[in-house]
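Chains as they are written, first to last, in numbering that gives the first Met the number 0: chain A, 0 to 461; chain B, 0 to 357.
Hints were generated in silico from the structure; no laboratory data involved.
Watch out, some of these pointers could steer you wrong.
Unchecked claim - Here are the in silico distance ranges between beta carbons for each label pair:
1) A/W53 with B/R240: 45 to 53 Å
2) A/E395 with B/S69: 35 to 43 Å
3) B/E344 with A/G8: 18 to 26 Å
4) A/G72 with B/S304: 41 to 49 Å
5) B/S304 with A/Q180: 51 to 59 Å
6) A/F60 with B/I27: 51 to 59 Å
7) B/T78 with A/N44: 33 to 41 Å
Each residue gets a CB set at the ideal place from its N, CA and C atoms; glycine is no exception.
What follows is each chain in one-letter form.
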Amino acid sequence: MLFPTLAFGLFFVAIFLLNWLTRPQPLIWKITMFCSSLFFYGWWNWRFVFLLLWAIASNWFAGTQIDKCLQLGSKDSAKKWMRVAIVGDLVLLGVFKYYDFFAVELSNLLGSSTVIPLLELTLPVGISFFTFQAMSYVIDMHRKLIKPMPVLDFAVYLSFFPQLVAGPIVRASEMAPQISQRPDPRHVASGEAFQLILRGLFKKVVISSWLASAIVDDVFANPEGHSSQDVLLGVYGYAIQIYADFSGYTDIAIGVALLLGFRFPTNFDRPYSALSLREFWKRWHITLSSWLRDYLYIPLGGNRGKNADTYRNLLITMILGGLWHGSTWNFVIWGAIHGVALAVERLLPKWQIHPAVRWIATFHIVCFAWIFFRAESFSSAVDVLRAIVISSGPTELSNVLLILVLAAMLLAQFIPDSRSEDVKQWLNRRGVLAQGLAFGAGLVLIDMFGPDGVAPFIYFQF
Amino acid sequence: MENDTDTEPNPQSKAGRFPAGQVFLSGIAGLILAACINSSALLTDAERLPDGRSRSLSVAIWTPIEAAASTLKLTWPRTVGDSLLGRSGDKGQISLRREQIEVVPESQNEEWLVFSVEEEQRPELQLDQGTTDTSESLWGPSNPFTIWVLGDSMVQFFGETFVTMAEKSPSVSATAEPKLASGLSRPDYFDWPSRISEVMTTHDPDAVILMFGGNDAQNIRADDGGWLDRFGKQWEEEYRRRIALVMDLAVAKPERIVLWVGQPPMRGEGFDLRMKQLNDLYRAEADERPGVQYLDLRSLFTDESGNYARYLLDSSGKLVDVRLTDGVHLSHWGGEWLSEFLLKEIKKSPEVEELWNQ
């Protein structure tokens with residue numbers, strides 16, 4: 000069930016009503032929300048609902064065991080349970096997402112005579128997101144950062160439909176209090192929620208879909224058939240497309256959760272305004288980068304050791320972060336580019352470089368890495384890079400509208416928070432009926448400017 | 000009720016916050032407003048759905064809303080907006096009759112290219128495939144051998160790869176034109192026969208590659224407005240008539256190379272079975288036309304047991320993924336395989352093969 004569809008609209012109207020009607024009875028509310036989320040997830044493939052149920056049951060049980068062991072003072076046993084849970088989650092992820100990749104690579108390494116059997120399984124939607132959330136639960140439990148959640152609370156948390164399939168990666172410490180405490184039904188943040196949903200739909204339906212069809216898909220499908228100018232604009236276009244697509248999904252997810260009385264963490268904070276790679280990762284997919292920092296980079300040693308250790312940790316973290324996105328070498332390369340760039344950034348002396356130069360360098364390193372992220376293979380990525388430098392193809396896709404849209408989207412990254420707050424406040428000052436009607440008018444405009452069909456969100460595949 | 004909640008928001012953050020009941024009603028008001036203004040577009044979308052319960056329900060919902068909204072003149076903002084954006088195209092039901100296909104605007108001055116009784120009036124063609132010694136003078140960088148690839152989303156996944164590979168010869172110009180979610184079953188969504196007629200008329204390609212079927216295993220609307228059940232006798236007759244129409248449009252010029260690409264094996268058993276049934280129809284129609292060559296992809300994309308396979312060994316013995324994770328479309332490598340296969344077929348004509356050897 001995709002957000003920008005009629006099916007989701009009808010589903011959400013019913014859930015909104017059920018959510019607030021059942022809120023005074025916590026047990027009924029939790030059962031309602033859990034069943035609604037399973038229905039939402041089963042809409043794609045009902046078989047994978049059992050996978051989600053398994054992730055809920057196994058991680059909740061492990062969390063409970065960790066807590067028991069800690070209560071009894073048995074730290075070693077607690078650690079064992081945590082490891083069992085993490086291995087279980089990684090096996091789940093490995094079987095569905097990585098097995099075939101490694102089996103193929105191993106088969107090719109051993110030669111054609113040794114073909115390792117392949118599973119060829121369908122990738123369950125959102126598996127990377129909910130397994131990461133589950134892992135954060137058991138690790139935080141082991142670190143004594145959270146208390147064990149009641150099973151139904153944990154089930155509601157892990158399956159909560161607004162963030163189930165493409166994040167943000169919400170931690171148990173952020174969700175548990177919101178599940179156990181009832182929000183005030185007299186104060187639903189409708190102004191902020193409507194604004195976020197409209198903004199997300201605009202980014203996804205209008206900007207992302209339009210850029211994909213106007214230039215990005217053509218350029219990446221056949222870079223040699225286009226001029227260098229077209230290819231370069233296609234790469235910039237993809238940088239904007241993936242931002243609009245993913246941050247658009249996040250905006251809708253946060254808005255939908257707000258209407259249900261939940262507040263999710265911020266996931267994007269104008270990432271293309273960053274003046275360094277380090278800053279970029281504080282602004283891009285914030286819930287994933289902070290997850291990688293807290294559960295991978297810091298346990299590896301972070302920046303506590305020698306410089307060489309720090310660079311190694313950065314590289315490992317970013318390569319694994321790349322692999323999290325998908326089981327292809329291109330994602331590994333994407334992660335490695337960021338890892339190396341972050342390491343080089345640390346290595347460089349603290350020169351006084353003009354912010355404009357730093358911005359240009361940061362943005363272009365990010366775009367360079369996006370080429371590998373988007374291209375279907377390494378050779379396709381090389382074709383794109385070659386075409387940027389040398390290409391005799393015609394200039395057919397570049398036009399004033401495209402350049403204006405790209406420039407506007409980039410400039411929007413530099414609009415101070417206070418400005419966007421003004422827009423929010425404007426909607427907040429309106430009466431509730433005016434908010435609803437403004438929301439309806441916004442939907443009309445988005446549908447009018449959007450294409451006939453809307454492609455699935457890019458981050459669904461991860 | 001006043002003290003029935005566990006959280007009390009900061010009074011300063013209460014701006015824009017309203018009781019859930021009011022938010023629900025205002026949201027519904029907004030959705031009704033959007034539904035009324037957009038009702039024409041939503042009804043069109045509903046009518047484009049495959050025949051079935053979902054379509055019937057959607058059409059049943061949107062028809063009265065659209066009627067009421069039109070009567071109340073609520074649809075004008077959308078109509079004006081669409082006009083300003085140049086999107087006012089009410090397609091309605093399209094009938095796939097040969098006599099109607101012939102009446103495409105671009106063909107009026109060049110009717111010889113559209114398959115019709117006026118074939119005899121066509122200007123003398125510049126190409127005779129049987130005469131090998133004329134090829135070099137016919138095709139070159141200034142007058143390239145033109146190839147068009149037309150079809151549904153399958154074409155999107157290999158079309159551009161094919162174009163790149165074909166255009167390795169400066170004497171070849173290739174164009175891929177995919178239309179997502181299209182096919183021959185639903186001309187109300189996209190009218191392929193008219194588009195193909197247009198391409199043949201305007202561009203007069205030397206070779207045409209056609210690939211349909213992925214979206215076609217669905218009920219078809221008959222001329223009388225009724226629905227023909229998928230794979231029923233009447234459905235099969237109508238679908239074959241549509242295949243025949245498209246093939247005839249493509250082979251109107253006998254010298255043209257026309258390749259009809261069958262559907263590859265699919266991961267889903269039911270879907271695969273339906274594609275096999277469609278392939279049988281394509282093959283049968285192609286067999287009746289000497290100018291159309293049906294290409295079976297099943298052997299190209301199956302493993303040793305003849306089953307669907309995502310990974311296959313390439314010529315160097317290396318495993319490569321030839322299909323996407325959806326179990327339907329071709330990956331980059333799969334697209335390369337298919338493109339190579341298609342080019343090999345096109346190059347079977349020695350004078351055409353010469354183009355890549357220059």
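Structure-based check of all given hints:
1. A/W53 with B/R240: 45 to 53 Å: 51 Å, holds
2. A/E395 with B/S69: 35 to 43 Å: 40 Å, holds
3. B/E344 with A/G8: 18 to 26 Å: With a Cβ separation near 47 Å, B/E344 and A/G8 fall outside 18 to 26 Å, so the hint is violated.
4. A/G72 with B/S304: 41 to 49 Å: Violated, since A/G72 and B/S304 (Cβ atoms, about 57 Å apart) do not stay within the stated range.
5. B/S304 with A/Q180: 51 to 59 Å: 57 Å, holds
6. A/F60 with B/I27: 51 to 59 Å: The hinted range 51 to 59 Å is violated for A/F60 and B/I27, with Cβ atoms some 42 Å apart.
7. B/T78 with A/N44: 33 to 41 Å: Cβ of B/T78 to Cβ of A/N44: about 39 Å, so the range 33 to 41 Å holds.
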